[in-house]
Amino acid sequence: MATDYHQLTENLCRFYDFSGKTVLFVGAGGRQLLDASIKTRKLIAIDQDVEALRELKTNVAAKGMQDCVDIVGSRLEEVALRGDVVYFEFCLHEMDDPQKALTHARTLAPDIVVFDHLPGSDWVFHAAEEDKVRRSAEAMERFGVRRRETFCTEQRFRYYAELLAKVAGQGMIASHRAQRFAGATNIAIPMSYELALV
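Here the numbering used here runs 6 ahead of the position in the sequence shown, where the first position is 1.
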């Protein structure tokens, strides 16, 4: 396990009460931190990655949650569904235009919760995502943050090969930066992140 997902889930649950709400969950195709034990009224899982959504659909069926989870394969900008909160899970920085994504999200729900990396995080540097994370952080500041909390954890890897596999999809710069850990074991890279209500 690269990072402590249980800790991230606890941070999320303490930060915002999703219970009894209709949640538009953006970036739902990844590893979900919005735990199934949280009793939302309705969870609308939105992701443009069709393969990741197939896996999510299988997980939802295995947990017998088909009645309370809708799966939508779409870009956020094309969604017109309404809810109580739009929740971005480590994906706002991946959006082509984070400002536009937040503006559209506001038309869908009165609350927006963003769970994402912080600029200056060591992990962001090693993943070669500094520009993306800075751009999304600036978009949130322009949009207006009502409340935020910051946290720090670690991305952990037993071997260099695990780290390389994790960052390889981020491109050559990330792979090059990982080389400093070549031959190392028990690698720990600090990851700072935040939860923001906008």
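The set of hints was computed from the structure by calculation and includes no laboratory data.
Everything numeric in this text was worked out from a predicted model, so none of it was measured.
Do not rely on the hints blindly, as some may be mistaken.
[To be verified] Derived DEER-like restraints, expressed as beta-carbon distance ranges:
1. Gln176 with Glu57: 16 to 22 angstroms
2. Ile179 with Asn65: 44 to 50 angstroms
3. Asp76 with Ala190: 41 to 47 angstroms
4. His182 with Ser25: 41 to 47 angstroms
5. Ala190 with Arg152: 23 to 29 angstroms
6. Gly189 with Lys45: 45 to 51 angstroms
7. Ile179 with Lys45: 40 to 46 angstroms
8. Arg20 with Glu160: 33 to 39 angstroms
9. Asp76 with Glu144: 44 to 50 angstroms
[What the hints assert, rightly or not] Each computed SDA-like pair below joins lysine to any residue, with the alpha-carbon atoms no more than 25 angstroms apart:
10. Lys27 with Lys45
11. Lys106 with Ile44
12. Lys48 with Gln13
13. Lys172 with Pro196
14. Lys138 with Lys45
15. Lys138 with Leu14
16. Lys138 with Asp103
17. Lys172 with Arg152
18. Lys27 with Ile44
19. Lys172 with Thr64
20. Lys106 with Thr64
21. Lys27 with Leu201
22. Lys138 with Arg183
23. Lys45 with Lys106
24. Lys27 with Arg152
25. Lys63 with Arg81
Note that the Cβ used here is the ideal one computed from N, Cα and C, for glycine as well.
* To do: Hint says 40 to 46 angstroms; check whether the CB-CB distance for isoleucine 179 and lysine 45 agrees.
  => 42 angstroms, holds
* To do: With a cut-off of 25 angstroms on the C-alpha distance, tell me whether lysine 106 and threonine 64 pass.
  => 31 angstroms, violated
* Asked: Is lysine 27 close enough to leucine 201, meaning Cα to Cα at most 25 angstroms?
  -> Within the cut-off at roughly 18 angstroms; holds.
* **Given pair status - isoleucine 44, lysine 106, alpha carbons within 25 angstroms** => 29 angstroms, violated
* When you check the alpha-carbon spacing of lysine 63 and arginine 81, does it fall within 25 angstroms? -> 17 angstroms, holds
* Satisfaction of the hinted span 45 to 51 angstroms by the C-beta atoms belonging to glycine 189 and lysine 45 -> 47 angstroms, holds
* Asked: Are aspartate 76 and alanine 190 spaced within 41 to 47 angstroms by their CB atoms?
  -> Since aspartate 76 and alanine 190 have Cβ atoms about 44 angstroms apart, the given range 41 to 47 angstroms holds.
* Asked: Does 23 to 29 angstroms hold as the CB distance between alanine 190 and arginine 152, or does it fail?
  -> Check failed, 41 angstroms falls outside 23 to 29 angstroms.
* Taking only the CA atoms, is the gap from lysine 138 to leucine 14 under or equal to 25 angstroms? -> Holds - the C-alpha atoms of leucine 14 and lysine 138 are around 21 angstroms apart, at most 25 angstroms.
* Asked: Holds or violated: lysine 48 with glutamine 13, Cα cutoff 25 angstroms?
  -> Status holds; Cα separation ~24 angstroms.
* Is lysine 172 close enough to proline 196, meaning Cα to Cα at most 25 angstroms? -> 15 angstroms, holds
* **Holds or violated: lysine 172 to arginine 152, with C-alpha atoms at most 25 angstroms apart** => 33 angstroms, violated
Violated hints, in rising order: 2, 5, 8, 9, 11, 14, 17, 20, 23; the structure is consistent with all others.
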